[in-house]
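Residue numbers (the numbering used here), protein chains in the order written: chain D, 1 to 199; chain V, 1001 to 1232.
Worth flagging that the hints you see were computed from the coordinates, not collected in a lab.
Each residue gets a CB set at the ideal place from its N, CA and C atoms; glycine is no exception.
Check the hints yourself; a few may be wrong.
[What the hints assert, rightly or not] Only some residues are given here: those of chain D computed to face chain V with a beta carbon under 7 Å:
1) T5
2) A11
3) L12
4) A163
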Amino acid sequence: MRLGTVIALTALAAAARLLLFALPNVSLTFLVVAVAGLAFGARTGALVGLLAMLVTSAMLGGPTPGALSGALAVGLLGALCGWLRTTGFPGARRTLPQALAAALLGITLQLAFSVAADASGWLLFAALPQGASAGPLLLPLVVGGLLFNLPGAAFQALMFAAALQPVVHALRAAGLADGGIAPSRPTREVLLADLTPSR
Amino acid sequence: MTLDLRAKLALALGLLVAGMLGGLAVAALAFLAAEGLLLASGLARAQRPLGWAALGLVPFALLDGVLLGSVPLAALGPLVLHTDGLLMGLAFALRALAALALGLWLLRTAAARDALRLLHRWPRVAVLVAGTMRFAPLAAQDWSRVREAMAMRGLEPGPGARGAMRGASLLVPLFVLSVRRGQAVDEALQASAFGSGPRTPPRRSALPWSHVAAALAGLALGALAILRAVFP
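For reference, chain D alone in the conformation it holds in the complex:
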């Protein structure tokens, strides 16, 4: 595992979360974690997810148990993306099925995080002395959380469909990802090849 790559992606995920702090449940962190898993493997994906959420949650709300459970959930999702990499996803070509699969992945990550965060919050509340009787029921809490996360899921679907394949492909083409197809190409060459719009 490359420590420097984990640091750079964690910083990017943290900056992305802080940048969009004003929009609840809308964050580019999931995209960074997915790219980390898909381009560098399960361990890097898990570490980037765990660290980015830990660092930013500690900054935004203090070191709470909820921050830890959320970080663990995102870490697991990063590892899941690392497993997806072994299936060859995403491919080298930008096709509609690829974009739809990427959108589905974005929606899954957002909603899975919502369920994990709500379930852990419920467990924490149930552990309090008065929580078992006075606390909310698990199912309405999870369903409410899912409804609240629907705009975020739509945002993730758009971002993943538009950006996941180009980003992972650019990293592979530049020889920067593990198992990249070229030894190393200058950044300018990669960007010119991948970003020049076809007219």
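Knowing the structure of chain D, use the given hints to seat chain V on it.
Just chain V, lined up with the frame of chain D:
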């Protein structure tokens, strides 16, 4: 303000805990104190993300005003805005803004070498934390640079699906730049044989009394807030 990282952490933690556990007045004071720390550190530019965050929190404060509380303030059709609910929403927004301001203050003022010194017993964790602290502001700078470069080439994101695709394409150079920077760090770590043997311990230095006082003030503030919440 060049406080030691330990003093900064204690101060930020105290303000954060007090803001979270206190009422509206305490949350407002915590936010003002965090703003004061930002301005005293010469970080006037940090007001911009805070301003955006404040705008984003307005709908939530209004939603609290509609859903919570019992003292009606105004009515618009079936929707009734409650004074007490609105105050709860305001307190929530101030807590969130205080947390963001403190996070920005820590991130923008803490030197990576301070984190390395603080966590020197766990070298890999120290490098991870220090690197993240150092690189997060650089990622934000990269974002501005890439946007400017794309705008100069006439590739500004516009409305509609095509504009959204252009906006998403801004992310490609951002990722490539970040990963290249990370791999440069990897090479530097390998060249310095990082992790292959014992590391030179950092030089110990005593904290100046003013830093100790700031740290104690932060810890005392947090402890008072917890005591007040447990024994109201």
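Going down the list of hints, with the structure as the test:
1. For T5 of chain D, the suggested interface contact is upheld, since its CB lies about 4 Å from the closest CB of chain V, less than 7 Å.
2. With a least beta-carbon distance of about 3 Å to chain V, the hint placing A11 of chain D at the interface is held under the 7 Å criterion.
3. The restraint placing L12 of chain D at the interface with chain V holds, with a minimum CB-CB distance near 5 Å, inside the 7 Å limit.
4. With 7 Å as the threshold, the beta carbon of A163 of chain D comes within range of chain V, its nearest partner Cβ sitting at about 4 Å, so the hint holds.
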